[in-house]
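Chain by chain, the residues run as shown.
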Amino acid sequence: SQKIEQNSEALNIQEGKTATLTCNYTNYSPAYLQWYRQDPGRGPVFLLLIRENEKEKRKERLKVTFDTTLKQSLFHITASQPADSATYLCALEAAGNKLTFGGGTRVLVKP
Amino acid sequence: GAVVSQHPSRVICKSGTSVKIECRSLDFQATTMFWYRQFPKQSLMLMATSNEGSKATYEQGVEKDKFLINHASLTLSTLTVTSAHPEDSSFYICSARSNYNEQFFGPGTRLTVL
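First to last, the sequence lines map onto chains A and B.
Quick note: the first sequence, position 69, residue 69 per my numbering, numbers continuous.
Quick note: the second sequence, position 105, residue 105 per my numbering, numbers continuous.
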């Protein structure tokens, strides 16, 4: 069966350090993968989309890698700030343009 | 990024009543919108895909007669929870898909059925 796995344990990190989150998937052949941020009681906010033929993508302090051989994406927040504290979701698009989400990883950046 | 709005943001209703939630894409036209449900501490679960001018496609296990979806225009989709019961209490979130395959989400609607 298809699975998208993110580390369910919260990631506690010191301000200024780099946070690295992992998204692993099985039984998918996604054309692209997306990362979202979700704050409590709010809808997800789109951050980055990376296509299968792209190895890496950057946006300001965010970096995403996509390894279709390992079936894994890494999401990095560099120079992390307390305002980066949130839950981060990865999502893959399946047939019919439907997004399937991982369980999300909560990040807590301590000052 | 693009803006998607939802209304209302919160609704409390009595068991047996129907509730309508609106989802609008404010600055782009979306031929496809999606409706999700999220329970506490869980990820988003897709309920249905809403296509402008045609019937919605529902995910397995989602009752189409209970969750009525109408996508009347390229900027508006509505979800009506009919005869709501306490187990329907949840966080309902819509999204609109851009021409570049990005999905932009609304802020969500918290439904509480008493």
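Since the hints were made in silico from the structure, they are not lab data.
Treat the hints with caution; some may be incorrect.
Unchecked claim - Here are the simulated DSBU-like pairs of lysine-lysine, each with C-alpha atoms no more than 30 Å apart in a straight line:
hint : chain 1 : residue 1 : chain 2 : residue 2
1    : B       : Lys20     : B       : Lys41
2    : B       : Lys41     : A       : Lys57
3    : B       : Lys66     : A       : Lys110
4    : A       : Lys98     : B       : Lys41
5    : B       : Lys64     : A       : Lys98
6    : A       : Lys71     : B       : Lys41
7    : A       : Lys3      : B       : Lys64
8    : B       : Lys20     : A       : Lys98
9    : A       : Lys3      : B       : Lys14
10   : A       : Lys3      : B       : Lys55
11   : B       : Lys64     : B       : Lys20
12   : A       : Lys3      : B       : Lys66
13   : A       : Lys59     : B       : Lys41
14   : B       : Lys66     : B       : Lys20
As the list claims (entries may be wrong) - Pairwise CB distance ranges (calculated):
hint : chain 1 : residue 1 : chain 2 : residue 2 : range
15   : A       : Thr20     : B       : Gln42     : 30 to 38 Å
16   : A       : Thr69     : B       : Cys13     : 29 to 37 Å
17   : A       : Asn27     : B       : Gly16     : 25 to 33 Å
18   : B       : Phe39     : A       : Ala31     : 22 to 30 Å
19   : B       : Glu87     : A       : Thr18     : 35 to 43 Å
20   : A       : Glu54     : B       : Pro86     : 39 to 47 Å
21   : A       : Tyr32     : B       : Ala72     : 27 to 35 Å
22   : A       : Pro111    : B       : Lys41     : 20 to 28 Å
23   : A       : Glu54     : B       : Gly16     : 47 to 55 Å
24   : B       : Ile12     : A       : Asp67     : 25 to 33 Å
A quick note: this is a predicted structure, and the numbers were derived from the prediction, not measured.
Ideal Cβ placement from N, Cα and C applies to all residues, glycine included.
Going through the hints against the structure:
1. Restraint check: the Cα-Cα separation between lysine 20 (chain B) and lysine 41 (chain B) comes to about 24 Å, which is no more than 30 Å; the hinted pair holds.
2. In summary, the hint linking lysine 41 (chain B) to lysine 57 (chain A) is supported, as the alpha carbons are separated by about 29 Å, within the 30 Å threshold.
3. Taking the CA atoms of lysine 66 (chain B) and lysine 110 (chain A), the gap is near 44 Å; set against the 30 Å cutoff, the hint is violated.
4. The suggested pairing of lysine 98 (chain A) with lysine 41 (chain B) holds, with an alpha-carbon distance near 22 Å, which does not exceed 30 Å.
5. Distance restraint check for lysine 64 (chain B) and lysine 98 (chain A): the Cα-Cα separation of roughly 17 Å lies within the 30 Å cut-off, and the hinted pair is therefore satisfied.
6. Distance hint between lysine 71 (chain A) and lysine 41 (chain B) is fulfilled; the C-alpha atoms sit about 25 Å from each other, no more than 30 Å.
7. For the given pair, lysine 3 (chain A) sits about 26 Å from lysine 64 (chain B) by alpha-carbon distance, which is consistent with the 30 Å threshold.
8. Taking the CA atoms of lysine 20 (chain B) and lysine 98 (chain A), the gap is near 23 Å; set against the 30 Å cutoff, the hint holds.
9. Distance restraint check for lysine 3 (chain A) and lysine 14 (chain B): the Cα-Cα separation of roughly 37 Å exceeds the 30 Å cut-off, and the hinted pair is therefore not satisfied.
10. Only pairs whose Cα atoms come within 30 Å are accepted, and lysine 3 (chain A) paired with lysine 55 (chain B) is accepted, the gap being roughly 28 Å.
11. Pair hint lysine 64 (chain B) plus lysine 20 (chain B) holds up; C-alpha atoms about 14 Å apart against a cutoff of 30 Å.
12. Among the hinted pairs, lysine 3 (chain A) with lysine 66 (chain B) is consistent with the structure: their alpha-carbon atoms are about 28 Å apart, no more than 30 Å.
13. Simply put, lysine 59 (chain A) and lysine 41 (chain B) have alpha-carbon atoms about 28 Å apart, close enough for the 30 Å limit, and the pair holds.
14. Note on lysine 66 (chain B) and lysine 20 (chain B): the hinted pairing holds, with a Cα-Cα distance of about 12 Å set against a maximum of 30 Å.
15. About 24 Å separates the C-beta atoms of threonine 20 (chain A) and glutamine 42 (chain B), a value inconsistent with the hinted range of 30 to 38 Å.
16. Judged by the Cβ atoms, the range 29 to 37 Å given for threonine 69 (chain A) and cysteine 13 (chain B) is violated: they are separated by roughly 50 Å.
17. Asparagine 27 (chain A) and glycine 16 (chain B) have their C-beta atoms about 41 Å apart, which leaves the hinted 25 to 33 Å range violated.
18. Evaluation of the 22 to 30 Å hint for phenylalanine 39 (chain B) and alanine 31 (chain A) yields a pass: the beta carbon distance comes to about 29 Å.
19. About 42 Å separates the C-beta atoms of glutamate 87 (chain B) and threonine 18 (chain A), a value consistent with the hinted range of 35 to 43 Å.
20. Evaluation of the 39 to 47 Å hint for glutamate 54 (chain A) and proline 86 (chain B) yields a pass: the beta carbon distance comes to about 45 Å.
21. For the pair tyrosine 32 (chain A) and alanine 72 (chain B), the supplied restraint of 27 to 35 Å holds, since their beta-carbon distance comes to about 29 Å.
22. At about 25 Å, the CB distance of proline 111 (chain A) to lysine 41 (chain B) agrees with the hint of 20 to 28 Å.
23. Against the hinted window of 47 to 55 Å, the Cβ-Cβ separation of glutamate 54 (chain A) and glycine 16 (chain B) comes to about 50 Å, which satisfies the hint.
24. Distance hint check: the CB atoms of isoleucine 12 (chain B) and aspartate 67 (chain A) are about 46 Å apart, inconsistent with the given range 25 to 33 Å.
The structure shown violates the earlier hints numbered 3, 9, 15, 16, 17 and 24.
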